[in-house]
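Student: Now for the letters of each chain:
There are 2 protein chains.
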Amino acid sequence: MQPYGLTVDKFLDHAAKWFNGHEVVEADGGRVIERATYDALCARSNRMSGALASLGLMQGDRIGTLGWNSLHHFELYYAAMGAGFVCHTLNPRLTAAQLAAMVDEAEDKVLAVAEDLMPLLRAILPHCPSVDHVVVMDAAPSPASLAPQPPLLWRYETLLETRGRPFRWGGFDENEPAGLCYTSGTTGRPKGVVYTHRSNYLHTLRALQADAVALTARDVLLLAVPMFHANGWGMPFAAPAAGTRLVLPGRAIDGASLARLIRDEGVTVGVGVQTIWLGLADHLEQSGESLPSLERVLIGGSNCPDALLRRLEARLGAAVQTSWGMTELSPIGTIAPPAGGAGAGRPPLGLDLKLTDAAGTRLEPQRGVLGHLKVKGHSVADGYFRGDADLLDAEGYFDTGDLAVIDKEGNLTIGGRAKDLIKSGGEWINPAEIESIVGAHPAVRHVAVIGRPDVKWGERPVLIVETGPKQDPGLLLNLLRGKVADWWIPAEVAEVAAMPLAASGKIDKNRLRADFAEGRIAATAVR
Amino acid sequence: MQPYGLTVDKFLDHAAKWFNGHEVVEADGGRVIERATYDALCARSNRMSGALASLGLMQGDRIGTLGWNSLHHFELYYAAMGAGFVCHTLNPRLTAAQLAAMVDEAEDKVLAVAEDLMPLLRAILPHCPSVDHVVVMDAAPSPASLAPQPPLLWRYETLLETRGRPFRWGGFDENEPAGLCYTSGTTGRPKGVVYTHRSNYLHTLRALQADAVALTARDVLLLAVPMFHANGWGMPFAAPAAGTRLVLPGRAIDGASLARLIRDEGVTVGVGVQTIWLGLADHLEQSGESLPSLERVLIGGSNCPDALLRRLEARLGAAVQTSWGMTELSPIGTIAPPAGGAGAGRPPLGLDLKLTDAAGTRLEPQRGVLGHLKVKGHSVADGYFRGDADLLDAEGYFDTGDLAVIDKEGNLTIGGRAKDLIKSGGEWINPAEIESIVGAHPAVRHVAVIGRPDVKWGERPVLIVETGPKQDPGLLLNLLRGKVADWWIPAEVAEVAAMPLAASGKIDKNRLRADFAEGRIAATAVR
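As they're listed, the protein sequences go chains A and B. The first sequence runs 1 to 527 under my numbering. The second sequence runs 1 to 527 under my numbering.
Mixed in with the good hints there might be a few duds.
Identical copies look the same in the list; a pair holds intra-copy or inter-copy alike.
As the list claims (entries may be wrong) - Subject to a maximum C-alpha distance of 16 Å in a straight line, what follows is the list of computed EDC-like cross-link-like pairs (lysine to aspartate or glutamate):
| no. | residue 1 | residue 2 |
| --- | --- | --- |
| 1 | Lys17 | Asp352 |
| 2 | Lys376 | Asp282 |
| 3 | Lys419 | Asp254 |
| 4 | Lys17 | Asp407 |
| 5 | Lys354 | Asp399 |
| 6 | Lys17 | Glu409 |
| 7 | Lys506 | Asp420 |
| 8 | Lys456 | Asp399 |
| 9 | Lys456 | Asp390 |
| 10 | Lys408 | Asp39 |
| 11 | Lys354 | Glu395 |
| 12 | Lys17 | Glu364 |
| 13 | Lys376 | Glu395 |
| 14 | Lys354 | Asp454 |
| 15 | Lys456 | Glu427 |
| 16 | Lys456 | Glu364 |
| 17 | Lys419 | Asp399 |
| 18 | Lys419 | Asp357 |
Keep in mind the hints are simulated off the structure, nothing from the lab. As the structure is a computational prediction, the values presented were derived from the model and not from experiment.
With the sequences and hints as input, model every part of the structure.
Tutor: This is how it looks when you write it as structure tokens:
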């Protein structure tokens, strides 16, 4: 058989050749501000590779990006990866200190930044001696200069115009790195995941299966998940690979903006976290609009209770496809078919799951019991950037840190994080189960259960809630009676005005634990 | 990223684990005679690997199969490939001499044979000293023994029962060979194509895309293409990889048998050559039956004129999906989306096409002109078994030998074989164009145009037809007037009682040329 490297530049080349007239559009506030066909994008990206190379970058060098879902950001993905550089996507919702630590660890040589993030960049730069060049994306004609220089400041279009030249993409080993993305870091120091060309290529083919994301050339995809979250869930690869038209919403992902974009562009498939689609559903309910082109939305990032799922489907007039994934998985783990499934679906070909006990022993049977979820596959990390080289168990599985149950048909449901488990009297309490019951109460906006040290029991659970109208703590606890073991029910409840959230939108339990330990959150004893 | 070898045993493992209750069934004469779930099949195949290893086979050794679409044949695919042996599928419709030459060249150590093909086997064996063991598939309790021994004769079930043991699948390099399949050999000596684990794995993912074969876990697939034709078009891999239920029709693929199977098993997708589906359509028309479960059939192997396609769709009550492929491509080249397309569709990701002139120079533009079709991809041969090591051009493309045109949207239509072109007066005549016009006449069963030497012009075309009611040769030629250049129109017509067909069902033009040259076919001068 022919030698044929699995490198990601082939996705954009494929779109340029076979779906040349299909467009990628960029919006701002719900209005399209720029359009480009795949063939034009491919030519520009390729010339941008030449421009980046002219800055002195070598194979494997990192290019950091701080940006929204824009055409420039999309072009940079391919300009960097196609040339053998590494695209290091950074989350602008992190703090300057967190970002500086990542840029420094990655030794990014170039930082590409959206113009409205220049203030953040200025706070980062002094701590990042590796950065030789800054490229301002989506830029007005003359961005304010950086002083003192270096680094050198480039406008994206000027760099492309003055330094751009055709570049021979690919040709290197498919196991070379293509991307770098740090995990959300809700617990401790963020950890970098290095994607290779091969892992991205194979992940794309996994995603494109008819029972998975199933994009086609007649689809129009709205990418409402940020491109700095785990490769934008792989969609910047999957869309051109399938010839799918792509809508990049820019920074605005509120309900009204998305509704307008979906209608104007005839979007058929949307991808994003649950909150985004709840916002869209609320907007549709208030405005009375409908979105006839929208066929389905893909959600991930959190469990979606069945009742919420049905409500979303009714309001959106579209199917809701559930999934589970994580940065270390490139990121798709399991996914329900577009036609509907149970829980977060099954793993498409190329990923295997295993449930173990806390000691790492495989559970038998694997179905119907909660266990520690371990994964193995062609697009799964075996370690972290500049971290331990090999985190895998003896059978080659990676520990997700999640608890999960798999039903008889093979469908996965996540049952919380293993490190959130509370050990009380030698037995485990699973906060996720308590949270899911209390969280179903309509007045409860956010709920978290954490453990506090206890002399007699080791640990005891504390219920922390953010509610709309104030609730009687005793009544909230009553919701649990008969549904969990009596000894699982917390004896203390704390109300907070605003639950602390991490950059990923998930509840920051580390901060909750610290705030509780240091007395910034006070709990009331109920029982 | 984790190391993860792309080996085909993972397909059956995946089905066994995630779609364990889904069945593969085997039929005979349209009635199901045996059922097995994927998990049972996987366990049996795996034990069969152990049995084969016990016969002394080593990594890379070839196992020839002479069989129909049966459970044993399916199990042997995985038993051989999973263990690192090579599954060499043989076409029972070839002559004993042709088969013996292939078995001898491949040095098959084991031959697995369907019981009704034992007479063919007996004719082959004396010329195949490499064969140490014969395994009789689908066997009645005691097949007649071979005398004199060796080779040793085994009943499939006895071998599995007495020698079967668990075997550790995979673990070898993904570039190791998995399969061997000889091309139909309409022209000269048949050529062996060696498939690797990697090429089969990647071909499977290409096929499973939503715009390609798009199998899902709710589909029931009828495999009406023989498993000895280019991996059964890759379906024995794609079905378990997607959790698709599989119906193996055995030897009988007549309309009545298929209709019964489709109805009884709730088949949603059928795969096979056009002739099969024409037979089914005829049966439905005669019997008045309908097949409500059938959603689409995938055809390949020949161009399907639009009118025929619509007629088929109307009679089957199902969509017809067109495609083009060849043994050297594993075999899918292009495919129209399930929702419909033009010509034979576009190449899904992982294959690139190029059109050149006869000298190999890339045509510009690549659209709207007939050219020589060259291909490059992860599942394309770069040479033949024990043949030239590298048949690729300077850009790494393989010459398909086909002529093709690609429309503005990227859809391919095959326009004949390059070697069938006739050079007349220094210019090319394309027999395929003449054949397609004359072939549309309802009385014409088969049509072929061949070149004969001509002193003045170099070559001149001869029209050869097999018709139902006898036709006036002049009237047939009149069909061409105004549709092709006048100098393309043959001046000689020959009628044959039965057009010579190769084992693939295609017209054997080599034999036609020989028969014509040696006077066994006589032509009438018309003009």
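Student: Name the hints, by number, that the structure is in violation of.
Tutor: Hints 2, 3, 8, 9, 14 and 16 contradicted; others consistent.
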